[in-house]
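> Here's the letter readout for the chains.
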Amino acid sequence: MTHDLTLVIGGAASGKSAWAEDFVESFGLPKVYVATAQAFDAEMTAKISAHKSLRGPGWETRETPLIPGDALTDLPADRAVLIDCATMWLSNVMLAEADPAHATDDLLSALGACPARIVIVTNEVGQGIVPDNALARRFREAQGRLNIRLAAQAGRVVQVVAGLPNLLKGAL
Amino acid sequence: MTHDLTLVIGGAASGKSAWAEDFVESFGLPKVYVATAQAFDAEMTAKISAHKSLRGPGWETRETPLIPGDALTDLPADRAVLIDCATMWLSNVMLAEADPAHATDDLLSALGACPARIVIVTNEVGQGIVPDNALARRFREAQGRLNIRLAAQAGRVVQVVAGLPNLLKGAL
Amino acid sequence: MTHDLTLVIGGAASGKSAWAEDFVESFGLPKVYVATAQAFDAEMTAKISAHKSLRGPGWETRETPLIPGDALTDLPADRAVLIDCATMWLSNVMLAEADPAHATDDLLSALGACPARIVIVTNEVGQGIVPDNALARRFREAQGRLNIRLAAQAGRVVQVVAGLPNLLKGAL
Numbered sequence: 001m002t003h004d005l006t007l008v009i010g011g012a013a014s015g016k017s018a019w020a021e022d023f024v025e026s027f028g029l030p031k032v033y034v035a036t037a038q039a040f041d042a043e044m045t046a047k048i049s050a051h052k053s054l055r056g057p058g059w060e061t062r063e064t065p066l067i068p069g070d071a072l073t074d075l076p077a078d079r080a081v082l083i084d085c086a087t088m089w090l091s092n093v094m095l096a097e098a099d100p101a102h103a104t105d106d107l108l109s110a111l112g113a114c115p116a117r118i119v120i121v122t123n124e125v126g127q128g129i130v131p132d133n134a135l136a137r138r139f140r141e142a143q144g145r146l147n148i149r150l151a152a153q154a155g156r157v158v159q160v161v162a163g164l165p166n167l168l169k170g171a172l
Numbered sequence: 001m002t003h004d005l006t007l008v009i010g011g012a013a014s015g016k017s018a019w020a021e022d023f024v025e026s027f028g029l030p031k032v033y034v035a036t037a038q039a040f041d042a043e044m045t046a047k048i049s050a051h052k053s054l055r056g057p058g059w060e061t062r063e064t065p066l067i068p069g070d071a072l073t074d075l076p077a078d079r080a081v082l083i084d085c086a087t088m089w090l091s092n093v094m095l096a097e098a099d100p101a102h103a104t105d106d107l108l109s110a111l112g113a114c115p116a117r118i119v120i121v122t123n124e125v126g127q128g129i130v131p132d133n134a135l136a137r138r139f140r141e142a143q144g145r146l147n148i149r150l151a152a153q154a155g156r157v158v159q160v161v162a163g164l165p166n167l168l169k170g171a172l
Numbered sequence: 001m002t003h004d005l006t007l008v009i010g011g012a013a014s015g016k017s018a019w020a021e022d023f024v025e026s027f028g029l030p031k032v033y034v035a036t037a038q039a040f041d042a043e044m045t046a047k048i049s050a051h052k053s054l055r056g057p058g059w060e061t062r063e064t065p066l067i068p069g070d071a072l073t074d075l076p077a078d079r080a081v082l083i084d085c086a087t088m089w090l091s092n093v094m095l096a097e098a099d100p101a102h103a104t105d106d107l108l109s110a111l112g113a114c115p116a117r118i119v120i121v122t123n124e125v126g127q128g129i130v131p132d133n134a135l136a137r138r139f140r141e142a143q144g145r146l147n148i149r150l151a152a153q154a155g156r157v158v159q160v161v162a163g164l165p166n167l168l169k170g171a172l
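Which chain is which? The protein sequence lines are L, U and E, in order.
Just so you know, the working numbering puts 24 at position 24 of the first sequence, and the rest follows in order with no gaps.
Just so you know, the working numbering puts 136 at position 136 of the second sequence, and the rest follows in order with no gaps.
Just so you know, the working numbering puts 71 at position 71 of the third sequence, and the rest follows in order with no gaps.
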């Protein structure tokens with residue numbers, strides 16, 4: 001099975017989602033957007049809405065906050081998929097008190113089994129000062145481990161800084 | 001009009017200012033330093049003073065904390081300008097409760113209209129854990145958007161890590 | 001004296017230690033691990049133990065939390081040394097209320113005098129939002145200055161993002 005997975009990693013407001021969307025557009029295939037964000041409060045609702053309007057029309061949207069794998073099972077090879085983002089998904093997993101490592105196993109299996117071209121967006125969260133609270137420290141450990149595993153499985157890894165791509169693996 | 005804009009982006013204490021100063025020196029032109037920092041407290045006063053002594057002599061200094069564009073209007077093409085930094089400027093804008101997006105429009109226009117060679121320094125602030133307070137989250141969103149717009153307009157973008165340049169756009 | 005120093009810089013949980021260990025293994029020399037971490041609490045004890053089991057057998061371990069130079073004095077050229085990490089060491093220095101700049105002088109001298117092949121790991125901590133407390137701000141300034149000096153002395157600097165190397169200086 002052809003497997004084409006791209007990981008797009010960047011900081012908050014780094015332009016990573018916009019870059020990933022343009023990259024998915026460039027495939028010239030029908031587009032599927034797998035949303036992982038949950039609108040718990042007004043700030044998040046506004047953010048989801050802003051992202052949606054930036055994304056523009058022409059996307060089939062699938063919302064699977066906890067199990068993005070479910071959104072991938074019936075997709076044929078001629079689809080371009082954007083999963084945005086692994087950080088929100090990890091946050092959902094940890095809020096649900098599921099085990100991040102097991103959940104990551106499932107996610108990676110689903111990604112590996114899907115013949116479509118997939119781009120998954122994730123956050124770099126480990127380059128600041130050590131957070132005061134233990135939960136934040138646990139989250140950044142889990143996020144780091146998730147990013148390492150996604151990067152290992154991906155054929156292409158792009159770091160986005162100020163909207164610009166910095167290729168870390170594979171070719172563009 | 002020849003337009004030569006370089007964006008230098010890096011974390012706190014990454015050596016970005018020192019690298020930017022050396023880069024401006026390498027142009028071999030009369031140097032203008034556009035200071036955006038305001039000395040509100042002892043920590044900031046010490047920081048400004050330390051930066052000034054690192055910078056050494058030979059700079060014309062212009063202080064325009066809110067409107068760096070004002071410092072650029074009368075500069076001829078044979079000047080090398082260092083604006084340090086966009087993060088302080090954004091902080092001033094937000095403290096003054098001005099709209100960051102409009103202020104950025106004005107800044108980009110002023111940069112585009114100035115024939116001198118300009119290097120502008122900015123901070124990467126989005127690669128840590130999500131901040132607890134809403135103002136800090138608003139700031140990192142605004143900083144990210146500003147960095148994306150500066151990087152889009154710049155012909156050259158350099159990320160500085162541990163004092164070393166990582167070229168993201170253009171050539172050195 | 002042949003001097004072969006590599007700096008490996010990355011965020012928390014970026015895979016920098018694992019990458020550095022693999023790199024040290026690739027030298028094909030007897031391996032020495034210079035540990036700088038101190039087990040003050042349960043979280044740190046667990047982290048040290050996890051790192052140790054990841055590292056696997058075949059390492060001579062030397063623990064010198066404050067003066068890694070002491071661990072280097074008698075090492076011959078045909079040794080591969082991993083110092084993990086400069087951030088823990090700096091934290092120890094600051095907890096002991098020693099002067100970071102002087103301690104760095106001593107560290108750099110010891111690194112420069114040692115004929116073995118040395119890889120030193122350090123953290124990027126300056127790419128988040130400005131920390132609320134003054135000690136954290138002092139730490140990230142000191143860490144930034146330390147990283148700049150280590151990078152200047154090293155012949156090779158590698159930034160690790162999601163387990164992947166991004167070469168900033170020298171060759172791999």
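Do not rely on the hints blindly, as some may be mistaken.
[As the list claims (entries may be wrong)] Each computed DSS-like pair below joins lysine-lysine, with the alpha-carbon atoms no more than 27 Å apart:
#: 1; chain 1: L; residue 1: Lys47; chain 2: L; residue 2: Lys31
#: 2; chain 1: U; residue 1: Lys31; chain 2: U; residue 2: Lys47
#: 3; chain 1: E; residue 1: Lys169; chain 2: L; residue 2: Lys169
#: 4; chain 1: L; residue 1: Lys169; chain 2: U; residue 2: Lys169
#: 5; chain 1: E; residue 1: Lys31; chain 2: U; residue 2: Lys169
#: 6; chain 1: E; residue 1: Lys169; chain 2: E; residue 2: Lys31
#: 7; chain 1: L; residue 1: Lys169; chain 2: L; residue 2: Lys31
#: 8; chain 1: E; residue 1: Lys31; chain 2: E; residue 2: Lys47
#: 9; chain 1: L; residue 1: Lys52; chain 2: L; residue 2: Lys31
[What the hints assert, rightly or not] A partial selection of chain L residues facing chain U, derived with a Cβ cut-off under 10 Å:
#: 10; residue: Glu43
#: 11; residue: Glu124
#: 12; residue: Asn166
#: 13; residue: Lys169
[Said to hold, decoys possible] Away from chain L, derived, C-beta distances all over 12 Å, residues of chain E:
#: 14; residue: Ala77
#: 15; residue: Ala96
#: 16; residue: Leu135
#: 17; residue: Pro165
If you're looking for bench data, these hints aren't it; they were derived computationally from the structure.
A virtual CB, placed ideally from N, CA and C, is assigned to each residue, including glycine.
> Hints first: check each against the structure and report whether it holds.
Evaluated hints:
With a CA separation close to 21 Å, the supplied pair Lys47 (chain L) and Lys31 (chain L) stays within the 27 Å bound. Restraint check for Lys31 (chain U) and Lys47 (chain U): satisfied, since their Cα atoms lie roughly 21 Å apart, inside the 27 Å limit. Under the criterion of a C-alpha separation no larger than 27 Å, the hint pairing Lys169 (chain E) with Lys169 (chain L) is consistent with the structure, at around 18 Å. The hinted pair formed by Lys169 (chain L) and Lys169 (chain U) meets the criterion: a straight-line CA distance of about 18 Å does not exceed 27 Å.
As the CA atoms of Lys31 (chain E) and Lys169 (chain U) are separated by approximately 40 Å, the hinted pair breaks the 27 Å bound. Pair hint Lys169 (chain E) plus Lys31 (chain E) holds up; C-alpha atoms about 24 Å apart against a cutoff of 27 Å. Using a Cα cut-off of 27 Å, the hinted pair Lys169 (chain L) and Lys31 (chain L) holds, with the two alpha carbons roughly 24 Å apart. At roughly 21 Å between alpha-carbon atoms, Lys31 (chain E) and Lys47 (chain E) fall within 27 Å of each other, so this suggested pair holds.
Among the hinted pairs, Lys52 (chain L) with Lys31 (chain L) is consistent with the structure: their alpha-carbon atoms are about 14 Å apart, no more than 27 Å. Interface restraint check for Glu43 (chain L): the shortest CB-CB distance to chain U comes to about 7 Å, inside 10 Å, so the restraint holds. This hint holds: Glu124 (chain L) has a C-beta 5 Å from the nearest C-beta of chain U, less than the 10 Å allowed. Of the supplied interface hints, the one on Asn166 (chain L) holds, with its beta-carbon coming within about 6 Å of a beta-carbon of chain U, less than 10 Å.
Evaluation of the Lys169 (chain L) hint against chain U yields a violated restraint, the C-beta minimum of about 16 Å exceeding 10 Å. Under the 12 Å C-beta cut-off, the non-interface status given to Ala77 (chain E) relative to chain L holds; the minimum distance is some 33 Å. Separation of Ala96 (chain E) from chain L is adequate, the least Cβ-Cβ distance of about 18 Å exceeding the 12 Å criterion. With a least CB separation of 10 Å from chain L, Leu135 (chain E) falls inside the 12 Å interface cut-off, contrary to its annotation.
The beta carbon of Pro165 (chain E) sits about 8 Å from the closest Cβ of chain L, which is not more than 12 Å, so the claim that it is off the interface is violated.
Checked against the numbered hints given earlier, this structure breaks hints 5, 13, 16, 17; the rest are met.
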